[in-house]
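Taking the hints as your guide, dock the two standalone chains into a single complex.
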Amino acid sequence: MVTSLDKPEKPLTARDYKSDVISDWCPGCGDFGIVAALQVALAELQIPRHRVISYSGVGCSSKSPHLMQTYGVHTLHGRSLPFSLGTALANPELKVVVTGGDGDGYGIGAGHFLNTGRRNADITYLVYNNEVYGLTKGQASPTLSLGEQPKSLPAPNPNEGVDPLALAICAGYTFVARSYAYNKKHLTETIKRAIQHKGMALVDILQPCPTYNDLHTKDWYGEEIEISGQMMPRVYDMEAEGYNGQVENPGDEDEVARKEAEALRKVRAKEDRIPIGVFWQIDRPTFMERIIPLNPKLGESPVCQMVIADANGNPTTDLSETCKEFRTDTY
Amino acid sequence: MTKTETVNHFSWTIGGPQGTGVDSSANLFLRSCAVAGLYCYGKREYHSTIKGGHSYFQVRVSETPINAHVDPVHLLTTFEKSAPLVHAHEVVPGGAFIYDPKVTNPDDLDLHPEVLRIPVPYDEILAKLAEELGLPLAKVMIMKNTLAVGASLALTDFDPRYIERALRGIFTGRKEKLVPMNVKATEKGYEFIQSQGFAEKFPYRIEARPDNPPQMVMTGTTAVAMGKLKAGCRFQTYYPITPASDESVYLESVAHEYGINVVQCEDEIASACMAVGAALTGVRSATSTSCPGFGLMAEGVGWAAINEVPTVIFDYQRGGPATGLPTRHEQGDLLFASFISHGLPPRLVVAPGNMSEYFEYSFHAFNWADQFQTPVIVVTDKCVGNNTQTIPPFNEDGLKIDRGKLVTDEELQRLAALPDYPGQYKRFAFSEDGVSPRPVLGQEHGLFWNTGDEHDEYGHITEDPENRLKMLAKRQKKLETALQTIPESQQFTLYGPEDAEYTILTWGSTVGPLLDAMPILQSDGMSLNILQVRLMQPFPVEAVSRILNRAKVKIGFEMNATGQLAQLTRMETGISMDHQVKKWTGRPISETEAVAALREIMNKKSQEVVLNYGH
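If you're matching them up, the sequences are chains A and B in order. Start counting the first sequence at 1; every next residue gets the next number (our numbering). Start counting the second sequence at 1; every next residue gets the next number (our numbering).
If we strip away everything but chain B, and leave its shape as in the complex, we get (with noise of 0.2 Å):
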């Protein structure tokens, strides 16, 4: 019967209800794959709900680095009754399908005739793993999603050893007692696969790596939470809010490790507000949230604009308005981000892109507002934000910090000694870089105000129109300085030919699937390169400009309704885009729809093309 084998190019699927065990199975597949060397994306997608409503989790594995997932699947694994209604037509020719005959009859599914059916009798097999181990039926059955995973590599010939390396890297500290009794069960799937024969049957193969460098396995809001930890943040704000709480409580969870303050708030408002006071002490303060809570946000970024006060702010996307689609991914937040607050104050806006640049420009954003006084929001969003995948280790060199332009004790010293020193400080100094020297609050001869109103040198209330005139050019003109000083290699990136015929301009996390594509569709004879834009805010308009002008062809490609990078693009550089792909279906954009999108545009000249594929 077979065929050819596929050796390290496969995509599975795990899913069930939420609670069942997917996120744990998915991360036990990831993980073993990982430790043998190879690289793993894995997409998470959730309900809001606890329990119930359906969760699955896509890991695809591969020989070389990859950044997106795929929409065909390998092998699709389950263990209960929902999970193959949703996803059985996924499954490609030649692919397979595992499931319990006791709740799940394959003729009822919309499966392809050519997918391998494996029946995997769950609770007999768990039945007698709990005689040979003498345990309680109930402490075995609750292993079932490990036995899936068992069975699901046994299924590729992966070599078992390593998943049991993985399972000591989930099960420590008080957990390691479960260890043996996990392999066990692992042990057993392995076995069911292997004495009936399946494994021939199936063309997909799983080869460990051994020689590859070690990687990480991250999540997005974990890469956050250490380039945070590295800028020496040492106070963090929350509100409880999915997806963006992930990262304040694993914070916290870590807190007495490196003394971070972390503090759950009673909401947004106070969560901006409490770091933004925070920072006036001179401690690298941050909060993190999603849409509805940036919105409660918007006074206190305006506040810390106009008062200067270094303040980072996370804004993990998920489909919108109001409470929108709560755990889904959209990238819908830009506008807002790069407008937010009344009177339009002067703020950062950056977007990075995948977990390594979570890590970064985490701790660049640090960097950012301190030099530039000025709060910094940093977009990310649910993709990235809840995957998991293997990443290189954090890459630390280099990496500086620039607390920008504090005023030392002994300058402040050296003021107080002089005649005519007023025992004030001009906090609001006009400078010729729109950047004035700062004290903190509690520093002698120091002594400043802030207010929410315009004010003066020192931060006294002034309504005069010259002051006004001064005071507001001041603070605008630390956009100009900003767009000077951050190296051009981190306010955006073009990958692939300068001069190529095709650019696509993208942003954050849909970077992913256009750079797995990009091979695939130069390999169609498509001369293409990428602008992936981060600075948003000020944003890089020569840059973009020259980069843009030199295209045939303009394509916006993003995950939202209205296209708003091109959009913004537009604002900042009169330039529109030709075409445009845009997905707002909450299910991230994968390598294969981009490929489809793109091909579409190249060969029928679609003005504009919607995805909607994934559940």
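Extracted from the complex, chain A is given alone in its bound form (with noise of 0.2 Å):
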């Protein structure tokens, strides 16, 4: 089961992550530009596409990965994060990319995302943010804002919202983004550098819903708002007005905390403008990383390359060392 890591032998093309199948999405929905985004970014990357898995949930969102030219694993409602985790520890040298929507990662995935932020594998979780369940047409999202109503709620929603970016820095995630489904430069820039960043990543993006969510919608989003007397675009890029999130030496405690502090301020800060960009990057060991100092034969290969039988089927493992400890003629 040797798989080549090398390069392709011509440079692919965002086409050729494309699959053949037609999207069932609603015309202008904010899910195009998202694996469009992934798309691009995967070329610019020029990764193998046999060694791309894209990973996702349950929702309208969650079928992306039949849109990939790559490995797809559509999983179950919320459970996308300890799937993908199976395959990225059973095999690091894949590259795993998990989409997904806002209840599915934030609601009935909640307890999976907080963990699988403690682990920090290598993983890429892209989440598509729309504040609505659209599938089942409209429901309240984990991260609708308290006291809002759009269209299909019979009553604006009883319940706060999550805050996502603040519970990923929380939890562990090293790498905790946000970018916006139509700004296709900064959400494919922001996407290109999740994959690269080692250790779990976030890129929470916002996602108008055409259909269910008329409060946030393309429009919305795009509009210029009035700041101090001048009018500015709502969404911004806050890396291009200076903010910085990463640590640039993750073993300076002062700095950590600093950074840390500041990126949860920026995150939980109620500015009349939505920023975008990297929150938080902090170079910390990985999961593998973590394991292979008390385990060291899971570093000389990935488990599921390990050989477990000889040509004719003989079990290779060998338990009369173990069966010691067992055996009354030991001692």
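To be clear, the hints were calculated from the coordinates, so they are not data collected in a lab. Zero decoy hints are in this set.
If you want a taste of the chain A side facing chain B, the calculated C-beta under 7 Å gives, among others:
| hint | residue |
| --- | --- |
| 1 | Ile53 |
| 2 | Ser84 |
| 3 | Leu89 |
| 4 | Gly111 |
| 5 | Cys304 |
| 6 | Gly313 |
| 7 | Phe326 |
| 8 | Thr328 |
Straight line, CA to CA, 27 Å or less: simulated DSSO-like cross-link-like pairs of lysine-lysine:
| hint | chain 1 | residue 1 | chain 2 | residue 2 |
| --- | --- | --- | --- | --- |
| 9 | B | Lys426 | A | Lys95 |
| 10 | B | Lys184 | A | Lys324 |
| 11 | B | Lys175 | A | Lys324 |
| 12 | B | Lys426 | B | Lys470 |
| 13 | A | Lys10 | B | Lys426 |
| 14 | A | Lys218 | A | Lys18 |
| 15 | B | Lys139 | B | Lys102 |
Output of the computed footprint for chain B on chain A, the stretches with three or more beta carbons under 8 Å from beta carbons of chain B:
| hint | stretch |
| --- | --- |
| 16 | 71-77 |
| 17 | 291-301 |
For glycine and all other residues, C-beta sits at the position ideal for the given N, C-alpha and C.
In structure tokens form, the structure reads like this:
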């Protein structure tokens, strides 16, 4: 089962990452832009298609893997992270990219969202955040703010909206970013940075649902609003304005603490405008890097490539040393 | 006063609050006898508490191999005040009772007058030992249980050299330095009993049989772990739960020797999903849990089944429903395991019966998962899982690893060179036996898709009725293939003569007491055989029907309230049991109970016997 890590023979284009499946998303759906940006990002990084595993949960956005000409694993509602973690740990040579919605990731999958962060496995997680459950006709998702009432809700939302970026920083994600589905350049660049990041990366992507979210539409996100007497775009690139969430020296506790506080302050700030960009990035040991010193064989080859039988099917695992402890004739 | 001696037919109970060394005493007692060449069966009972709560261990020692415990106790050993209150009545006339006179007055107990009463002044003996060894009293006091084992074995005239050998087997590595002081403690107990002349008044003897073949002293969870390692399982997930997590924790303790990755998850939902996600890369992957956790795995099982992912799932049954009796035994999950997950996905369900089978079927489960590309659920239980007993060294002869229809890189290269290869692989290609060749994630030219939705041959979503008709039938076909491929000798075993009058239908650990009861009942004149079913899904309909139809009287015998195997058998074969023996108190069925229940059916024709012995 030896697989080649080599770069492809001829350069791949974004088109090469497109499958022949025709999407069933609504016209004008923000999801199209996200998948397109992912395909461009992969092409720019020239990652061989068979090394990319596109994972997802269940929901509109979770159909994305079927649109990708890579391995595609469309799992269960809320469970994309544990499934994909199994793959990432069993074969760390693969590039695991998970897509899914806000209900999938922050609602039914919330426990996994938190605990996958703690492990810092090398996974890129793209959440299409449109504040509603589209596929079931527009109910409130966990990111919808208190009191808001998009058109399908019979009554205003009685729940607080969750802040996925703050949660991610506290849970141990080592790359935490926000982007916007209709800012293709920013989105592509952010996805590229997330994929190149070693460790657990979250990109929360603001994605208008043209059918069910009539509050935060493409037009709303695209508006200019007045800030201190000046008209400015509602969604702005905070890094272009000087914000830098990258920890330069992860060994410097003071810097880490200062940057983490800055990131949380920026994430939680009640701004009129919506910042996009990388809020927090730090180089920390991944799950595999943490366990290999305790279990060095895991560093010799991925578990999926370990030899367990000879050519005739005889098991190569020898239990005799371990069995000594149990045998009555060894002490 | 004495009496005919009974040699190597002995039942010993030690009890006390959880955390006071009951388990370590039992381990030493059992290992001493095992090292001496005897066959031992140790039943462990404990409460769902960390400290306190009554726990006890019953060790049965025998001249010949045994498969269960018995109710009568020949020697009850205690070192505090609570255990005598619980167990005194179990000691047989002619048996003995060891106690601490400082805390126990035997006259207050429900003790048979013909039980030999043996007060052991633990504190005095240990204080003297502390002085001799020049050690602080507290360090020596914790060896009360070791002293108790020395005293117990002295009563049977057991050769003390084997106790020393057992101690060397228990305290190894960094703990080796503890051997001498523990040897001293057992010697003190031994000397006390022998010097007071108690042994002469006690009719039971344990005699060493050094020429017997060497055994292993094993627990069920460890036997499973070993089977998994031998099968090449290199990825295991779990969430802490009693009694299943002993297996995963053991695997983790030896993980570095085998390169297995054992991952503790946030819940059992994640455990199931992560094991499946790993299996997609080609690694042999498994998860282990107990009842409530198994419930959480239902959706993961369904996904693995519709995506035809080889995944092995162990359910160690305990008392249910909900949290139920978390540290007690039950066979309550057979129907749940058999019908797990909505839409009734194809899956294999197998229930091994004893520790040797736990090893063997852990191994087979991975072959079956690969051959039939489906989840394999192995239904085990707390009784075998937590017990300690002697078993022969694992039989590894003829064990072969079969990875099923894995697509090689060479085959994919060959396909890719064909002019019309679309660059993606028909992972779910329709096939005669229902099994399609399988690439794994990461193979070049092997691109496929997985989805929990119904899908086409590439794995893309489709709701086309024609495809649904064929794709579901393809998956179901694998069950037929499995039934034809798995040898009958693994699907079930019939013990005893084929043409017996009574056939007892049973499964899992309950086979043990029945096997021990069989010769006793035969000497009563009962003509019986025992049908142990292992393969529950797909159910061996024809073979089981054939056997049951031959019997004059059919008796269901299992450890749950409704007779789940009888129910499943009736559903699959249309054959009903004439009588049913059941137990659901959380305490496993003993040989004694099995004999009594079947005698009652034979003599009184009782339709149903409900058992309830044991604390």
